[in-house]
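Residue numbers (our numbering), protein chains in the order written: chain A, 22 to 374; chain B, 22 to 374.
Treat each hint with caution, since some may be false.
[What the hints assert, rightly or not] Quick list of in silico lysine to any residue cross-link-like pairs, SDA-like style, CA-CA up to 20 Å:
1) Lys-335(A) - Lys-335(B)
2) Lys-335(A) - Lys-273(B)
3) Lys-335(B) - Arg-167(A)
4) Lys-273(B) - Arg-359(B)
5) Lys-335(A) - Arg-178(B)
6) Lys-335(B) - Ala-301(A)
7) Lys-335(B) - Asp-356(A)
8) Lys-335(B) - Ala-140(A)
[Stated by the list, open to error] Label pairs and their computed distance ranges (CB to CB):
9) Leu-304(A) - Glu-300(B): 49 to 59 Å
10) Gly-343(B) - Lys-335(A): 21 to 31 Å
11) Leu-304(A) - Glu-318(B): 15 to 25 Å
12) Met-22(B) - Gly-343(A): 48 to 58 Å
[Said to hold, decoys possible] Heads up, incomplete: computed chain A residues facing chain B, CB under 7 Å, no partners named:
13) Gly-53
14) Asp-344
15) Leu-361
In case anyone wonders, no lab produced these hints; they're calculated from the structure. For glycine and all other residues, C-beta sits at the position ideal for the given N, C-alpha and C.
Protein chains: 2
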Amino acid sequence: MLEGVVLAGGRGERFWPLSRRARPKQFLPLFGGRSLIAHTWERLRRELAAEGIRVIAGSDLRERVCAELPEMVAERFVPEPVGRNTAPAVAVAAALGLREGDPLQLVVPADHWIPDAEAFWRSARAAAATAAATDGPLVTLGIPIRRPETGFGYIERGEERPEAAGVYRALCFHEKPERERAETYQRAGRFYWNSGIFVWRASALLAELEAHMPELHRLVMTLPGAARPQDLLAGIFERAAGESIDRGLLEKSRRVAVVEAGFAWSDLGSWSSWAELAEADALGTVALGETLQLDCENTLVLSDEGLVAALGVKDLVVVRTGDVTLVVDRERCQDVRRLLAELRERLGAERFL
Amino acid sequence: MLEGVVLAGGRGERFWPLSRRARPKQFLPLFGGRSLIAHTWERLRRELAAEGIRVIAGSDLRERVCAELPEMVAERFVPEPVGRNTAPAVAVAAALGLREGDPLQLVVPADHWIPDAEAFWRSARAAAATAAATDGPLVTLGIPIRRPETGFGYIERGEERPEAAGVYRALCFHEKPERERAETYQRAGRFYWNSGIFVWRASALLAELEAHMPELHRLVMTLPGAARPQDLLAGIFERAAGESIDRGLLEKSRRVAVVEAGFAWSDLGSWSSWAELAEADALGTVALGETLQLDCENTLVLSDEGLVAALGVKDLVVVRTGDVTLVVDRERCQDVRRLLAELRERLGAERFL
Chain A
22 MLEGVVLAGG RGERFWPLSR RARPKQFLPL FGGRSLIAHT WERLRRELAA
72 EGIRVIAGSD LRERVCAELP EMVAERFVPE PVGRNTAPAV AVAAALGLRE
122 GDPLQLVVPA DHWIPDAEAF WRSARAAAAT AAATDGPLVT LGIPIRRPET
172 GFGYIERGEE RPEAAGVYRA LCFHEKPERE RAETYQRAGR FYWNSGIFVW
222 RASALLAELE AHMPELHRLV MTLPGAARPQ DLLAGIFERA AGESIDRGLL
272 EKSRRVAVVE AGFAWSDLGS WSSWAELAEA DALGTVALGE TLQLDCENTL
322 VLSDEGLVAA LGVKDLVVVR TGDVTLVVDR ERCQDVRRLL AELRERLGAE
372 RFL
Chain B
22 MLEGVVLAGG RGERFWPLSR RARPKQFLPL FGGRSLIAHT WERLRRELAA
72 EGIRVIAGSD LRERVCAELP EMVAERFVPE PVGRNTAPAV AVAAALGLRE
122 GDPLQLVVPA DHWIPDAEAF WRSARAAAAT AAATDGPLVT LGIPIRRPET
172 GFGYIERGEE RPEAAGVYRA LCFHEKPERE RAETYQRAGR FYWNSGIFVW
222 RASALLAELE AHMPELHRLV MTLPGAARPQ DLLAGIFERA AGESIDRGLL
272 EKSRRVAVVE AGFAWSDLGS WSSWAELAEA DALGTVALGE TLQLDCENTL
322 VLSDEGLVAA LGVKDLVVVR TGDVTLVVDR ERCQDVRRLL AELRERLGAE
372 RFL
């Protein structure tokens, strides 16, 4: 049995000002007028029943999730009263899974871009076959490196596992590297980007949690035996420490495999990564909404209300939405968070967050 | 007798989107929260009675003018039903002046920046003294060249006139030059920028008009003898050909003098010329309204509604107002007009003009 677990708890600040507290990135209609979470749902639905997909997101976003995913089974929504990063979310999902026959779980972020669902499933099935073995590993999907990106985590692969081609022991996880180190990784040829997509047996994850995150394990193990597990969720998330599953567990566990992903992928980590995927004119400029460009190069211009006119500029991202206009150098999109940090400090600026 | 003539007929498109059809540049509060036309009025009022100042502007702007200049005498407003550039405007003003004792007329654009009214009047009085002589010339104020500007007209001076130091025969007018020629002018030391500020006796202007623009002269000479001259104005403007007084008359007349202006001046021809005058931070960035900048250089950021956030950009002008955001390379501000030309062609874009 394979079930889907959609992690929709992110706040996607780097897509500010289009993303706001009440409309995180996963709800933005960045492709084909549909939200990222709806695309993700559809990708999973290709092979899974609606009953077989859990969605984990902030409690405050329940209505928005329901609106985007009308097929979602209400009981499969896992509300987070507070954001605690990915470790508590996947731990809760595994403990809930344990109640229902210890399924394999395919964990996917809600806000990534994967255009080819068929190719995605070829890789996901390979990962699931690996994870399904007795004492099977926690399997991560590794994305072949395309550039020395400093914003991603990297996975170093070890020897190929015997059961199938393209499945490796995961030797080591590396946090976001400096530029020079990222270039070394790319040249080395045995590194992948960490996609944040995982497949594991619920009990396998819980066993590794017990070894490496015993406190979190103790918290979630109240769920399998509970009469009304949903009543315990708020308390668990509130008590859990915020941590990513990568850092909290996968970096430490020796029971991790990596499957080379055979599909196009982007984490859509910023405006510039999105602009790379959108359709550009001959000078590399992407325009959406009511816009006017003259002599612009390599620029993203987006308006969802009013007009944006750009003249003679290059290497910019310009976004106008509601009561905010953002203008940022395309190479600096990762730093949009710094703007938000400044805004949080500013009296009366909360309406812009 | 000296009277003031304020030319407020311009549309100031280069300050779009802050300037709109219904709010041309002269009505923008670019300095100290007050409009340029109000500053101009105040400058003249330093030495002139309100009764002694005419204001010429589009008929549709009458209410706006009255609101900005509550002191203005209603009969001194000269409405233009259609814009015809400066020659018809100053010709009408002169013909109206002739009815009232043939005054000297100090003609000033409504939308220039001249911070020092006292220095302005020192130059204006010198010009008036020159124009006041029997058969006195048409006097222009020439601005000492500060840079090889290609957006201005230039005046080449001839020999100094005997009546006062700093008063010259005007030898030649030169239209907006190419860069190289502008540099030659600057090096030559006998050229001025044409400020568009003039002093002449009404009858002197009319005499020169008769010689060089006889058709316009014929049209306006219906005014001095008319019982209700205001009833004739619309017909005159409608029939008159659009032409600037510089090109139509001053370039041809041999009765023109130039007085070197002894005051700081800007024609505020574009966003960038305004940015040069506004107060900048250490990196040359000017911010007005609700804005947020991080790591910006030599950039103007202005918002009159909502927030503009700029990150890591340089040499830009960013203006957010109402339903439009403009982003333009600082060196390309002169081309904002090209954006407007494009917008005029676009279906449904009229609300942005």
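Okay, the hints, checked on the actual structure:
no.	hint	in the structure
1	Lys-335(A) - Lys-335(B)	holds (11 Å)
2	Lys-335(A) - Lys-273(B)	violated (45 Å)
3	Lys-335(B) - Arg-167(A)	violated (30 Å)
4	Lys-273(B) - Arg-359(B)	violated (31 Å)
5	Lys-335(A) - Arg-178(B)	violated (43 Å)
6	Lys-335(B) - Ala-301(A)	violated (23 Å)
7	Lys-335(B) - Asp-356(A)	holds (16 Å)
8	Lys-335(B) - Ala-140(A)	violated (42 Å)
9	Leu-304(A) - Glu-300(B): 49 to 59 Å	violated (35 Å)
10	Gly-343(B) - Lys-335(A): 21 to 31 Å	holds (26 Å)
11	Leu-304(A) - Glu-318(B): 15 to 25 Å	holds (24 Å)
12	Met-22(B) - Gly-343(A): 48 to 58 Å	holds (57 Å)
13	Gly-53	violated (24 Å)
14	Asp-344	holds (4 Å)
15	Leu-361	violated (9 Å)
This entry does not satisfy hints 2, 3, 4, 5, 6, 8, 9, 13, 15, going by the numbered hints stated previously.
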